[in-house]
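Trainee: Sequence:
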Amino acid sequence: MAANPFDKATNVFWVYAPYSTDPEIQTRRSTVRAEHLVNIARLYDAKIIRGGGVLFEAEPKDKDSPMAVGTTMVVNLGSVAEVRKVLEEDIYWTSKVWDNDKLLILPHLYFAAES
1 MAANPFDKAT NVFWVYAPYS TDPEIQTRRS TVRAEHLVNI ARLYDAKIIR
51 GGGVLFEAEP KDKDSPMAVG TTMVVNLGSV AEVRKVLEED IYWTSKVWDN
101 DKLLILPHLY FAAES
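Residues in the sequence shown are numbered consecutively from 1, following the UniProt record's numbering.
Hints are not guaranteed to be accurate.
Quick list of the computed label-pair ranges, beta carbon to beta carbon [to be verified]:
id, residue 1, residue 2, range
1, Thr-21, Glu-89, 21 to 27 Å
2, Glu-59, Asn-39, 27 to 33 Å
3, Ser-79, Ala-34, 25 to 31 Å
4, Asp-22, Asp-62, 15 to 21 Å
5, Pro-107, Arg-42, 32 to 38 Å
6, Glu-89, Thr-31, 16 to 22 Å
7, Val-54, Phe-111, 19 to 25 Å
8, Pro-23, Pro-107, 32 to 38 Å
9, Asn-100, Gly-51, 21 to 27 Å
10, Ile-48, Thr-94, 17 to 23 Å
11, Ser-30, Phe-111, 29 to 35 Å
In case anyone wonders, no lab produced these hints; they're calculated from the structure. Everything numeric in this text was worked out from a predicted model, so none of it was measured. Built from N, CA and C at the ideal position, the CB exists for glycine as well.
Please construct the entire structure, taking both the sequences and the accompanying hints into account.
Mentor: Below, the structure is given as structure tokens:
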């Protein structure tokens with residue numbers, strides 16, 4: 001019988017980081033995006049980030065170019081405080097791409113099928 005993946009307690013957190021809604025957000029995001037991606041790749045390689053990505057508006061006005069509205073990620077650290085500290089060091093935090101007041105970090109029981 002296969003082991004139940006839900007048997008172990010984990011230090012995994014789900015992060016929702018909505019983007020700021022000011023008129024300059026898309027320009028500001030594109031200006032700092034390369035630095036953000038370098039940081040995310042480093043965290044992924046260190047197995048701190050398990051996965052994630054960008055969120056787009058649900059009903060875009062321009063179907064060929066939906067607007068990015070936030071970030072989600074699954075983070076493997078010991079506490080909400082540790083996750084917040086890592087996020088606070090990212091260029092999306094310091095440049096206010098993320099709406100830092102609306103950041104959501106929740107404990108998450110992560111399950112992924114083995115391939």
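Trainee: Decide, hint by hint, whether the structure agrees.
Mentor: Hint check results:
1. Thr-21 with Glu-89: 21 to 27 Å: Since Thr-21 and Glu-89 have Cβ atoms about 23 Å apart, the given range 21 to 27 Å holds.
2. Glu-59 with Asn-39: 27 to 33 Å: Given range 27 to 33 Å: holds, Cβ gap about 31 Å.
3. Ser-79 with Ala-34: 25 to 31 Å: Holds, at about 30 Å.
4. Asp-22 with Asp-62: 15 to 21 Å: Taking Cβ atoms as reference, Asp-22 and Asp-62 lie about 19 Å apart, which means the hint holds.
5. Pro-107 with Arg-42: 32 to 38 Å: 24 Å, violated
6. Glu-89 with Thr-31: 16 to 22 Å: Cβ of Glu-89 to Cβ of Thr-31: about 18 Å, so the range 16 to 22 Å holds.
7. Val-54 with Phe-111: 19 to 25 Å: Given about 22 Å between the Cβ atoms, the range holds.
8. Pro-23 with Pro-107: 32 to 38 Å: This hint holds: roughly 35 Å between Cβ atoms.
9. Asn-100 with Gly-51: 21 to 27 Å: With Cβ atoms ~22 Å apart, the hint holds.
10. Ile-48 with Thr-94: 17 to 23 Å: 18 Å, holds
11. Ser-30 with Phe-111: 29 to 35 Å: 34 Å, holds
Hint compliance for this structure: hint 5 alone is broken.
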